[in-house]
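Q: All chains, please: the whole structure from these sequences, using the hints.
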Amino acid sequence: MSEYESLVETRKEELVTKKELEVVGKPVPRIDAIDKVTGTARYGADYYFPNMAYGKVLRTQYPHAKILKIDTSKAEQYPGVLAVLTAKDVPGSNRFGVVFKDERILAEDKVRYMGDAIAIVAAVDEKTAEEALKLIKVEYEPLPVVTDPLEAMKEDAPKIHEHGNVFVRHKIRKGDVEKGFKEADVIIEREYKTQFIDHGYLEPDAVVAVPSGDKITVYGSFQHPHNARRIVALALGKPMSKVRIVQANLGGAFGGKDDTTNVLGARAAILAVKLGMPVKMVYSREEVMIERYKRHPYIMRYKVGATKEGKLTAMEIFYVANGGAYASTTPLVMFRSTVQCTGPYDVPNVKMDGYGVYTNTPFTGAMRGFGAPQINFAVESLMDELAEKLGIDPLELRLINAYTQGSTTPTGQVLDGHVVSIRQVLKKAAEISDWVKKREEYNKQSGDIRRGIGLACSFRGVSLGAEGPDFAGAIVTVMEDGSIAVASGIAENGQGARTVLSQVAAEVFGVPIEYVIFADNDTVITPDSGPTVASRGTIMGGGAVKIAAEKVKRRMQEFAAKMWDIPTDQVVFSKGKVFDANDPKNSIDFRELANLCYRNKVSLSDSGWFVAPEIHWDPETGEGNPYFSYTYNADVAEVEVNIKTGAVKVLHVYAVHDCGRVVNPNTAKGQVYGGVAMGMGYALTEEYLVDENGYPITTNLDKYRLIRANEMPEVTVEFVENPDPNGPFGAKSLGEPATEVVAPAVINAIAHAAKIRVRDLPAKREKILALLKKKEE
Amino acid sequence: MKIKLTINGRPIERDVDPEMRLLDFIRNELGITSVKDGCGIGVCGVCTVLIDGKPRQSCITKMKSVDGKDIITVEGLGTPNKLHLLQELFIKHDAVQCGFCTPAMILVGYALVRDNPNVTREQIKKGISRVLCRCTGYIPIVNAIEEYAKLMRGEKTS
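If you read the protein sequences in the order shown, they are chains A and B. Those letters in the first sequence? Residues 332 to 1108, by the numbering used here. Those letters in the second sequence? Residues 3 to 160, by the numbering used here.
Possibly wrong hints are sitting among the right ones.
As the list claims (entries may be wrong) - Lysine to aspartate or glutamate pairs mimicking EDC-like chemistry, simulated, CA-CA at most 16 Å apart:
id: 1; chain 1: A; residue 1: Lys458; chain 2: B; residue 2: Glu21
id: 2; chain 1: B; residue 1: Lys94; chain 2: B; residue 2: Asp26
id: 3; chain 1: B; residue 1: Lys127; chain 2: B; residue 2: Glu149
id: 4; chain 1: B; residue 1: Lys152; chain 2: B; residue 2: Asp117
id: 5; chain 1: A; residue 1: Lys458; chain 2: B; residue 2: Asp117
id: 6; chain 1: B; residue 1: Lys128; chain 2: A; residue 2: Glu1042
id: 7; chain 1: B; residue 1: Lys127; chain 2: A; residue 2: Glu407
id: 8; chain 1: B; residue 1: Lys94; chain 2: A; residue 2: Glu727
id: 9; chain 1: B; residue 1: Lys127; chain 2: A; residue 2: Glu1045
id: 10; chain 1: A; residue 1: Lys758; chain 2: A; residue 2: Glu727
id: 11; chain 1: A; residue 1: Lys458; chain 2: B; residue 2: Asp69
id: 12; chain 1: A; residue 1: Lys980; chain 2: B; residue 2: Glu124
What the hints assert, rightly or not - Short, incomplete list of chain A residues facing chain B, as computed with Cβ under 8 Å:
id: 13; residue: Asp377
id: 14; residue: Phe380
id: 15; residue: Thr998
id: 16; residue: Ala1040
Claimed, not checked - DEER-style ranges, computed between Cβ atoms:
id: 17; chain 1: B; residue 1: Lys64; chain 2: A; residue 2: Leu352; range: 48 to 58 Å
id: 18; chain 1: B; residue 1: Asn30; chain 2: A; residue 2: Pro843; range: 47 to 57 Å
id: 19; chain 1: B; residue 1: Gly55; chain 2: A; residue 2: Lys546; range: 41 to 51 Å
id: 20; chain 1: B; residue 1: Asn118; chain 2: A; residue 2: Leu1020; range: 37 to 47 Å
id: 21; chain 1: B; residue 1: Arg116; chain 2: A; residue 2: Lys768; range: 42 to 52 Å
id: 22; chain 1: B; residue 1: Lys128; chain 2: A; residue 2: Ser777; range: 43 to 53 Å
id: 23; chain 1: A; residue 1: Val455; chain 2: B; residue 2: Ile43; range: 20 to 30 Å
Hints listed in this document are in silico derivations from the structure and should not be mistaken for laboratory results. We put the CB at the ideal spot given by N, CA and C, even for glycine.
A: Here it is in structure tokens:
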């Protein structure tokens, strides 16, 4: 029996012998929905404290300049101003960064993009703070600006940091691409480009720092409160024992409320410590758009070879990620792009070189998809272009090359230990969308309005992989009345973590979810569980909650077994009752048992620590097993293109995901619907623009266009549930898969409808119209 | 200037800066925080309130224009103890994720159905287009409002 087969067997055994799941897998309503529909949920900006000051940030006037002199004297004298601080006033470390320490709380001698902050002001109210900003005089020596990453790679380009503009190099060498291209009957070479994307969360970042003695509490919209604690403690020069972060409700994050929100927290904390009073800082939408990190624009050059039967023989890839002014998570984002650079296809010979480059544009970092949306857009467009060249149906071409159980990825990982379901997922997507019939039917259209149908798919590594330490913690406590408190560092961002992690605990104890209360992140109480990113909340957080809950359950089980004088394993927890599997007379309400245990001093609290299976990846050779499991995803999009106006309407999206066991079908579907909307924005409307001199153009939501309800198509969601041996109850990941293949499906559908190929996102109307005109000529 | 208005049925009389945004008045002066600030220029819609029954963006509404008006926020529709039917349906249809747009969406949906109980799915989509949502893809929100309209028409739903 192979490792995979034995794992599946164990899994099956566990799933079959266990009683039917009662809470997991059920469409349980969100436990925090009532807070949100009544407006009683508190977000960062909803915290008010007595004697509270307001903080504001002064940002640079130049995208690249030396700071010669900062004069804050006039601002300090302005009535109502309480403090004006610059880099020299940061009590602890002003420098930080996820991978390289190249970011600053406040700019020192240089600014590198328009979001760089120079000074912070606290005043009695927001208006006074804003007025005071105007009175700060800064002398600059402007430096030459570079915004194009290819220009920035050149020897003589303006240097943004001392260590040069190219700050990441990734490579893969598998087989021999020269040989592979010789074996090919068809070779095509294409360049694809993607744009800066803003997270577009609707809640602008907001924090309040509240000092108490020598300690400080910061409330705010932190996606990863433990990261915030690290940055605030560093900036204050205090140990973590003096810093407490309390996570407010998050008005969306999508990867975006980490680095820069932590910096905002640090700025407020520095002012609050200086003044000994609470300081609130809330960004305007413009500040969010200008300062915050974005999703990386990529330039991707693909050369692919295939036999005339459609078998891929070689792929050569060169890509450049625009890192903007600071490194942030770029090396990690690129790690994912690199591992997934061929898409879910068996390619015997692969050569890939990827570069991460500094420019004088907003820095780029984590955003839903994390290096996958760019690569997927390129690979999945390429597969359609290749299919057309070969005269093979795009679905067919994918099925010919898609991974199977035991396939080897470009990094040398053998896909095993989980079900490799890419074919299953593709076939399901084709089936529910009526692919074959529509593909054919839409080929025979005339008139101005033309329909098209397009396909795209992906494989995606689960959780962080070799990015960093991958673990999560949880504390589960049963109360005297049978209520259950669940605390985990995995955070509610809106995705439903509170609900899903509570479901896991409820399932273990065999009680309704109403018994559970979820404790939000408070860094004094909740264990650091790594960031709530990488679609890891359910698999990692759920894993930790399950371990903790099972420990407590075991002790309750032992207590009941002793009471009834039966073997421990004979005690069953189900539907709010605890009973003897062999004798129904021995039965007790869960709440009553909890109370008995409480009065008999049985420990009803425990912690769980879930560690991801060992993985490794060598960035030097590009080899290794970078992720412990993968999800498989396919989207089919149907569109209508007006070939006179270039207008595109997306009619229907069919989304199929193997995310392992679905813990909550409601929240899972919600992830997909939202992912589709975000993916459509990536395809059609969203584009954060910076001019060639480094000045931002799209600084509010009037110019940066998110998809609105009237543009939203109907969405059909199907889950292919292959339980994963590593996840709690077999769960894997979904948040990012839900958005990462939408854009190429839409673009491929446009190509099918209008016979034009958009190779740089987004496919705005004018761009489509220009391509249509060009085609006519 | 002296101003008189009602918020959620409660009469309010205050001396205010006529240029103050209604949004800031509601949040900072009255402490009603369900009304959110998302863009400040009236395009995202999360600051929507009902002014004399009509959905309006409170971030681009000045205090001088609301004298004598009747204003409703989501707190005026229902409370945790006594949910409004539409709030219940938002929970049922999982029309809530991060929740930042939720109060505005509920107010807009409520006004849509009140004005036209025969509102179609397409009209609902168009109607709620004045409020942005980044999480839900709108579909569950449309489903919730659609069922609300059906129930208001006296039709049976599942």
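Q: Give a verdict on every hint.
A: For each hint, the structure was consulted:
{"no.": "1", "hint": "A:Lys458 to B:Glu21", "result": "holds, 13 Å"}
{"no.": "2", "hint": "B:Lys94 to B:Asp26", "result": "violated, 32 Å"}
{"no.": "3", "hint": "B:Lys127 to B:Glu149", "result": "holds, 14 Å"}
{"no.": "4", "hint": "B:Lys152 to B:Asp117", "result": "holds, 14 Å"}
{"no.": "5", "hint": "A:Lys458 to B:Asp117", "result": "violated, 39 Å"}
{"no.": "6", "hint": "B:Lys128 to A:Glu1042", "result": "holds, 9 Å"}
{"no.": "7", "hint": "B:Lys127 to A:Glu407", "result": "violated, 51 Å"}
{"no.": "8", "hint": "B:Lys94 to A:Glu727", "result": "violated, 40 Å"}
{"no.": "9", "hint": "B:Lys127 to A:Glu1045", "result": "holds, 11 Å"}
{"no.": "10", "hint": "A:Lys758 to A:Glu727", "result": "holds, 10 Å"}
{"no.": "11", "hint": "A:Lys458 to B:Asp69", "result": "violated, 24 Å"}
{"no.": "12", "hint": "A:Lys980 to B:Glu124", "result": "holds, 14 Å"}
{"no.": "13", "hint": "Asp377", "result": "holds, 4 Å"}
{"no.": "14", "hint": "Phe380", "result": "violated, 13 Å"}
{"no.": "15", "hint": "Thr998", "result": "holds, 7 Å"}
{"no.": "16", "hint": "Ala1040", "result": "holds, 4 Å"}
{"no.": "17", "hint": "B:Lys64 to A:Leu352: 48 to 58 Å", "result": "holds, 55 Å"}
{"no.": "18", "hint": "B:Asn30 to A:Pro843: 47 to 57 Å", "result": "violated, 40 Å"}
{"no.": "19", "hint": "B:Gly55 to A:Lys546: 41 to 51 Å", "result": "holds, 49 Å"}
{"no.": "20", "hint": "B:Asn118 to A:Leu1020: 37 to 47 Å", "result": "holds, 39 Å"}
{"no.": "21", "hint": "B:Arg116 to A:Lys768: 42 to 52 Å", "result": "holds, 43 Å"}
{"no.": "22", "hint": "B:Lys128 to A:Ser777: 43 to 53 Å", "result": "violated, 30 Å"}
{"no.": "23", "hint": "A:Val455 to B:Ile43: 20 to 30 Å", "result": "holds, 26 Å"}
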